[in-house]
Amino acid sequence: MSAEKIMILGVNHKTAPVEIRERLAFPNDPGTPYREIAVIPGCEEFNFLSTCNRVEVLFVSSTPEETERKIRDFLFNKSMSYEEAGKYIYLHQGEAAIQHLFRVGASLDSMIIGEPQILGQLKQAYRDATEQNCTGMILNRLLHKAFSVAKRIRTETEIGSSAVSISYAAVELAKKIFGNLKNKRAMLVGAGEMAELAAQHLVNQGIAGVVVANRTFERAVNLARCFNGKAVSLEELIPQLEQVDIMISSTGSPELILRSSDVKPLMRQRRNRPLFLIDIAVPRDLDPKLNDLANVYLYGIDDLNNVVDINKAERDKEAVRAERIVTEETLKFMLWLGSMEVTPTIVAIREKAEAVRKAELEKTLSGFSNLTDKEKQALEKMTSAMMNKILHHPIVYLKKDDSHKDKKVKLSLVRKLFNLDPDNSS
Amino acid sequence: MGYLLFQLTLLAYILSTAAYMVYFWSQRKEIRTVARWILIGSGLLHTVYLVVRYFEAGHTPLTNHHEAVSFFAWSLTWGYLSFHWRYNVRNFGSFVSPLITILMLIATFSSRQIIQLPPALKSAWLPVHASIAIMANGFLALAFCGGIMYLLQERELKKKRFGLFYTRLPSLDALDNLNNHCLAVGFPLLTLGIITGSIWAKQAWGAYWQWDPKETWSLITWFLYAALLHQRFTVGWRGRRAAIMAIIGFSAAMFTLWGVTYLLGGAHSYVG
Chain A
1 MSAEKIMILG
11 VNHKTAPVEI
21 RERLAFPNDP
31 GTPYREIAVI
41 PGCEEFNFLS
51 TCNRVEVLFV
61 SSTPEETERK
71 IRDFLFNKSM
81 SYEEAGKYIY
91 LHQGEAAIQH
101 LFRVGASLDS
111 MIIGEPQILG
121 QLKQAYRDAT
131 EQNCTGMILN
141 RLLHKAFSVA
151 KRIRTETEIG
161 SSAVSISYAA
171 VELAKKIFGN
181 LKNKRAMLVG
191 AGEMAELAAQ
201 HLVNQGIAGV
211 VVANRTFERA
221 VNLARCFNGK
231 AVSLEELIPQ
241 LEQVDIMISS
251 TGSPELILRS
261 SDVKPLMRQR
271 RNRPLFLIDI
281 AVPRDLDPKL
291 NDLANVYLYG
301 IDDLNNVVDI
311 NKAERDKEAV
321 RAERIVTEET
331 LKFMLWLGSM
341 EVTPTIVAIR
351 EKAEAVRKAE
361 LEKTLSGFSN
371 LTDKEKQALE
381 KMTSAMMNKI
391 LHHPIVYLKK
401 DDSHKDKKVK
411 LSLVRKLFNL
421 DPDNSS
Chain B
427 MGYLLFQLTL
437 LAYILSTAAY
447 MVYFWSQRKE
457 IRTVARWILI
467 GSGLLHTVYL
477 VVRYFEAGHT
487 PLTNHHEAVS
497 FFAWSLTWGY
507 LSFHWRYNVR
517 NFGSFVSPLI
527 TILMLIATFS
537 SRQIIQLPPA
547 LKSAWLPVHA
557 SIAIMANGFL
567 ALAFCGGIMY
577 LLQERELKKK
587 RFGLFYTRLP
597 SLDALDNLNN
607 HCLAVGFPLL
617 TLGIITGSIW
627 AKQAWGAYWQ
637 WDPKETWSLI
647 TWFLYAALLH
657 QRFTVGWRGR
667 RAAIMAIIGF
677 SAAMFTLWGV
687 TYLLGGAHSY
697 VG
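Chains as they are written, first to last, in the numbering used here: chain A, 1 to 426; chain B, 427 to 698.
Hints in this document: simulated from the structure, not taken from any laboratory. All C-beta atoms in this analysis are idealised placements derived from N, C-alpha and C, irrespective of residue type, glycine included. Keep in mind that a hint or two might mislead.
[As the list claims (entries may be wrong)] Away from chain A, derived, C-beta distances all over 10 Å, residues of chain B:
1. Q453
2. K455
3. R512
4. T534
5. I574
6. L590
7. Q636
[Claimed, not checked] Which bits of chain B does chain A cover? Going by a derived footprint, with three or more residues having C-beta under 8 Å, they are:
8. 483 to 494
9. 576 to 585
10. 593 to 600
[Claimed, not checked] Pulled from the structure, derived: some chain A residues nowhere near chain B, Cβ distances all over 12 Å:
11. I20
12. M267
13. K358
14. S366
15. K389
Okay, chain A solo, but in the shape it has when bound (with noise of 0.2 Å):
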C-alpha cells in the first residue's frame, strides 16, 4: 500500500492560538466528527484526537488531497476560508505524518515534553474510533504501533521522568513547600502558554482542584474546562485567593494586581497556611514585597529559570534518543506498509513456501544416498509443481481486481494465514 494515502491534519499549541483550538474540539456534542467525516468521499479510516492543546484528524484516503480539503472545511465549520485555515494547521502525508503520530504518542511533541496524558488520550480517541467503525486495518495496525512506540520511548528514556521545564519548576518547588500537592488547590489568572503548561503540570501531579481566573469571564470558562475547574472573574481574585494554594499570574495588566497589603490581612484568614506565588507576567502582575509576608513564596520568571538550568542539558539528551526511536519505529512501518501490495505478498508466499520445500526435500535426499541424478530432478519437479498448484487458488484469489476496502481485508486475511508477518501474530 502507498504510504501517501495516510494524512495527519491538526490544530496545535504551537500553530494556533486558544481561540481557535477550543473551536475546534466540538465541546457540545462530541459525536460530531465521527458522524460528519464518516460520510466524506474517499475517506477510509479515520481516527479524532482532541485535547486541550491539539485537534488532529489522522486518515486514509484512496484520494487523500480531496478528502484533506472537506475535512478541513469540516474542522473549521467554513468559518474561515480554506487558505486562511492553513495558516493555523499542520499537514503531514506518508512518512512524515506517521512520525508525526509516533511523536504525539510518545509526548514528543507536547506542550511539556515527556508528560504522560497524551498517551492514554490517544487510546481513548482510538477506543472511540474503533466503536463508530471508523478505523480499519491500517490504523489499527499503526495506532496500535503508536502505542507500544510511546511506551518503548518510556522504558528505555528518561524522557518522563525529566520533564524538565519553567513548569516543572514551579511543581518541584510547591512540593518542597507543600510536600504533597493532593489537597492543594491552584489558582490560574490570565491566560498564556506558560502558565496553563504550569496548571497543566500541577493537575498531573493531582492537585485537588484549580479555579480560572480571567477579565473576561468566558475565557475562563473554556480555559477552565480544560483542567475539570472552576471559573471566577478578575473581581474575585482575593477572596478566592483565601482557598487556594498555589497562584500562577501572567495577565496581560500593566499594574500590578495583587500587593502586599491585600494578602497580609489575607493570611490571618488562612490561618498562616502557605501561599506559593507565581508570577509569570512581564510586568509583573505581584507585589515583590509579598515574598517578604511570613509563609508566603512569591517566585518571579527568572527566580524559575534558575532551577531549570539544572538539569536541562540532560532532558535534552533524553529527547534525541526518543527521536531516535521514532525514526526507527517509523522505517519498520513503511516497511510493513510497503509489503501491504499484492505483488510483495505473492512474492513472499512463494518465497516461504519455496523455502519450506527446499528444506523438505534436502531432509528426505539426504536419506537416499543411491539416487541417480534423473531421479533427484524428478522429484524436485514433483515437489515444484505440487507447490505451484497449492498456491495457484490462494495467488489468482489475490490477484483478482476489487475494491480498496476489499483488496486490504483480503491482503490481511492471506498474510495472517500464511504467517507473514510474525510479529502481527495478535
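Please arrange chain B on chain A, whose structure you already have, making use of the hints.
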C-alpha cells in the same frame, strides 16, 4: 565494666554520626541504612549501660550530671528512632546524631562518681520525676533540630539560592509537622515532669513550690512552649515563627538544665 560499656557506646554514637554526615554529603541510601543500624546498636548498648549503672549505683542513675546528660542522650536517641518508626523525615538523622554525640561527650567529661543519696532524695519519685523531665528534653531537642532544618530550608526558598539544603531537606510542610508532632509529645512530658517534681518537693521539703531557680526556669520554659502551642491552635502559628519559638523554648530548657545549676545554684543543683 560500666566504664568500658560507656566508652563503647560513645564510640558507636560517633561512628553513627560520622556515617550520617557522609550520607548527608553523598545521599547514598546504603550509607543511611548503615548509619541507622549503628544508631540502633548504640541505643541498645546505651540501654545496657544504664542497666549496669543502676546495679552499680544501687539507685536509679539520674542523680549526677554525668547520669542526667547520658540519660538525655539516650532519650534523644530513642525519641528519634521512635519517630522514625512513623514519620520519614529526610536527613533528620544528620541533624539529630551530632547533638546526641555532643551530649555524650559532655557526659564523658563529667564526673562519673556514684553519689550516695541524702535521705531526703530517697523516694520513688526520683526516677519518675527525673526521667520524665529528661525525656521531655529529648523530644524538645527533636523539635529544636526540626526548627533549625526548617529555617535552613526556608532561607533557601525565600532567597531563591538553592544550595546544600534545598535538595537534601524535606518540604517545609513536613518540617512544620515534625515540629508539631515533637511538641505534642514533649510538652505533655514537660508538664508531667513539673507536676511530679512538685509532688516530690512536697514529700521531700514539705512545700509544692518554693520558687528556687530551677523551678522558676522550668516554669518559664513551660510558658514559652504553652504560648507556642496556644498560638498554633488558635491563630495557626506555623512555619518560621513556630520554628524560632521551638529553638527559643529549647534554649530555655537547656538553661534550666545547665545554666541554673552552674550560674544560679539552688536546691535543685545536682548533689555532686
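Against the structure, the hints come out as follows:
1. Q453: holds (15 Å)
2. K455: Holds, since 18 Å exceeds 10 Å.
3. R512: holds (15 Å)
4. T534: For T534(B), whose nearest Cβ neighbour in chain A is about 39 Å away, the distance exceeds 10 Å, so it holds.
5. I574: holds (17 Å)
6. L590: Given that every Cβ of chain A is farther than 10 Å from that of L590(B), nearest at about 14 Å, it holds.
7. Q636: holds (40 Å)
8. 483 to 494: As far as the segment 483 to 494 of chain B goes, the hint is violated, because 0 residues have Cβ atoms under 8 Å from chain A.
9. 576 to 585: Since three or more residues must qualify, the claim that chain A covers the segment 576 to 585 of chain B holds, with 3 doing so at under 8 Å.
10. 593 to 600: holds (count 5)
11. I20: holds (37 Å)
12. M267: Answer for M267(A): violated, closest chain B Cβ roughly 9 Å.
13. K358: holds (59 Å)
14. S366: holds (60 Å)
15. K389: Correct as stated: the minimum Cβ-Cβ distance to chain B is 69 Å, above 12 Å.
When held up to the earlier numbered hints, the structure conflicts with 8, 12 and fits the remainder.
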